[in-house]
Amino acid sequence: MPDRLAVLAQYLLPKLALTTVAGKFADSEAGALTTAAIRWFVRRYGVDLAEAVDPDPASYRTFNEFFTRPLRAGARPLADSDFVCPVDGAISQFGPIEIDQIFQAKGHRYSTTALVGGDAELADRFVDGDFATLYLSPRDYHRIHMPASGRLRRMIHVPGALFSVNPVTARGVPDLFARNERVVCVFEGDCGCFVLVLVGATIVGSMATVWHGTINPPRRGEIREWRYDERPVLLERGDEMGRFQLGSTVVLLFPKRTIAFNPDWSPERPIRMGEAMGRRIG
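Residue numbering for the sequence shown follows the working numbering, beginning at 1 and increasing consecutively.
Read the hints as simulated data drawn from the structure, not as lab findings.
Be a bit skeptical, because a hint or two may be false.
What follows is a set of in silico ranges between Cβ atoms, one per label pair, in the way DEER data are often shown [stated by the list, open to error]: (1) Pro-263 with Val-42: 33 to 41 Å; (2) Gly-221 with Arg-72: 37 to 45 Å; (3) Glu-230 with Arg-44: 41 to 49 Å; (4) Glu-240 with Pro-267: 23 to 31 Å; (5) Ile-99 with Trp-226: 23 to 31 Å; (6) Ser-59 with Pro-96: 44 to 52 Å; (7) Asp-80 with Val-53: 19 to 27 Å; (8) Pro-263 with Arg-43: 30 to 38 Å; (9) Glu-230 with Pro-77: 32 to 40 Å; (10) Ala-120 with Ala-32: 51 to 59 Å; (11) Ala-58 with Pro-96: 26 to 34 Å.
Computed from a prediction, not measured in an experiment: that's the story for all the values here.
We put the beta carbon where it would ideally sit given N, CA and C, even for glycine.
Using the sequences and the accompanying hints, generate a full structural model.
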């Protein structure tokens, strides 16, 4: 399908209804139907179940249990690097933030303020900083890990659209990642403040973090925020911090002169959780 038609379809599809139905099925214990769906998905997307703790498709009670499956010990060793890649997937874009503008695709940029839900004070911490946008395809491992050690300060759930976040849509839908539903996680570490933004998408039934559990649903149509000043949440580099129920995107923000990205990185390059993402500056 040509890109223009694929993007038009995104505007016309009943995305919330599709996501709600998909989420209910993914959470249901449907026995043989669930197993059949998992086997089809593994064949269709080339999922490598040999890496999973449990490689048997019939052992998963729900599709989400399969989709968020843990990997066997040692499957993702951590590189000797200040910052490690937090996910399996592919690099969408990465590089400098130009004042407050993040590059999405040719002809498309969006602001850090919009991405973090309108909090200009938070966005100011990343003026002329750096970003990385990492895409998780359906075949990928869907747990998200810490790129560096940090203490959680805030979590913000920002309601929004549910466009697909695949490369075609990224090229065709303006402000895609600041437009979709997202969860903004603000950490403080030795490198200063850094942010992981979990971006929702069509069919992504929910997003969850290790400290909160499932964040959405519910979808209340208003920004919700949690602060963690009185309840310390400390996570080490490489620790699991969250997961997607079906594929999506993570956007990372770093302050100015914090990270020098891995010179082997380039847009569209495949990535694996735990590989070197960059070194600390200063």
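Now the hints, each set against the structure:
{"no.": "1", "hint": "Pro-263 with Val-42: 33 to 41 Å", "verdict": "holds (35 Å)"}
{"no.": "2", "hint": "Gly-221 with Arg-72: 37 to 45 Å", "verdict": "holds (40 Å)"}
{"no.": "3", "hint": "Glu-230 with Arg-44: 41 to 49 Å", "verdict": "holds (46 Å)"}
{"no.": "4", "hint": "Glu-240 with Pro-267: 23 to 31 Å", "verdict": "holds (26 Å)"}
{"no.": "5", "hint": "Ile-99 with Trp-226: 23 to 31 Å", "verdict": "holds (29 Å)"}
{"no.": "6", "hint": "Ser-59 with Pro-96: 44 to 52 Å", "verdict": "holds (45 Å)"}
{"no.": "7", "hint": "Asp-80 with Val-53: 19 to 27 Å", "verdict": "holds (25 Å)"}
{"no.": "8", "hint": "Pro-263 with Arg-43: 30 to 38 Å", "verdict": "holds (37 Å)"}
{"no.": "9", "hint": "Glu-230 with Pro-77: 32 to 40 Å", "verdict": "holds (35 Å)"}
{"no.": "10", "hint": "Ala-120 with Ala-32: 51 to 59 Å", "verdict": "holds (52 Å)"}
{"no.": "11", "hint": "Ala-58 with Pro-96: 26 to 34 Å", "verdict": "violated (48 Å)"}
This entry does not satisfy hint 11, going by the numbered hints stated previously; all others are met.
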